[in-house]
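Please build the complete structure, drawing on both the sequences and the hints.
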Amino acid sequence: MTRGNQREVDRARAQARTAKHAGNDNNDGLTPQQRNERDKKAMLEKQAKKKADKAAAGGDGKVSKNPGKPGTVDGPGKKKKKKEEDLSALLADGLNVSGKKKK
74 MTRGNQREVD
84 RARAQARTAK
94 HAGNDNNDGL
104 TPQQRNERDK
114 KAMLEKQAKK
124 KADKAAAGGD
134 GKVSKNPGKP
144 GTVDGPGKKK
154 KKKEEDLSAL
164 LADGLNVSGK
174 KKK
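Going by our numbering, the sequence shown opens with residue 74, and the numbers climb by one from there.
Just so you know, not all the hints are guaranteed correct.
Unchecked claim - Using 30 Å as the maximum straight-line C-alpha spacing, the simulated DSSO-like pairs for lysine-lysine come out as follows:
#	residue 1	residue 2
1	K114	K127
2	K93	K113
3	K114	K124
4	K113	K127
5	K113	K124
6	K123	K113
To be verified - The following label-pair restraints were derived from C-beta to C-beta distances:
#	residue 1	residue 2	range
7	E118	T91	30 to 36 Å
8	G102	V82	29 to 35 Å
9	A87	A115	45 to 51 Å
10	T91	K113	29 to 35 Å
11	A87	A128	49 to 55 Å
12	R80	K124	53 to 59 Å
Hints listed in this document are in silico derivations from the structure and should not be mistaken for laboratory results. Glycine is no exception: its CB is placed at the ideal position from the N, C-alpha and C atoms.
See the structure below:
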């Protein structure tokens, strides 16, 4: 097969791709200042809605995405034990400090 029309086919495909993505521009013919004002207004509306939702939910204003396990104060995770308690427990079980069992 010859490559006589490969260049033309590639050009047609490239034009089709650019035409498909050409409509995705959010500028709407606005200047940068106008876009900034539009975006600022949208952000303020979003913040006001979030604040209203938080007030409607009641509570102290703290919304935690990771509330933690029930019954714990600090949330998820285990509390670290003191090193002295660990060593005494190991020695009581017949282990030495290096972690090997006594024979």
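Evaluation of the provided hints:
no.: 1; hint: K114 to K127; in the structure: holds (20 Å)
no.: 2; hint: K93 to K113; in the structure: holds (29 Å)
no.: 3; hint: K114 to K124; in the structure: holds (15 Å)
no.: 4; hint: K113 to K127; in the structure: holds (21 Å)
no.: 5; hint: K113 to K124; in the structure: holds (16 Å)
no.: 6; hint: K123 to K113; in the structure: holds (15 Å)
no.: 7; hint: E118 to T91: 30 to 36 Å; in the structure: holds (34 Å)
no.: 8; hint: G102 to V82: 29 to 35 Å; in the structure: holds (34 Å)
no.: 9; hint: A87 to A115: 45 to 51 Å; in the structure: violated (34 Å)
no.: 10; hint: T91 to K113: 29 to 35 Å; in the structure: holds (31 Å)
no.: 11; hint: A87 to A128: 49 to 55 Å; in the structure: holds (52 Å)
no.: 12; hint: R80 to K124: 53 to 59 Å; in the structure: holds (58 Å)
Comparing the model with each earlier hint shows a violation of hint 9 alone; every other hint is respected.
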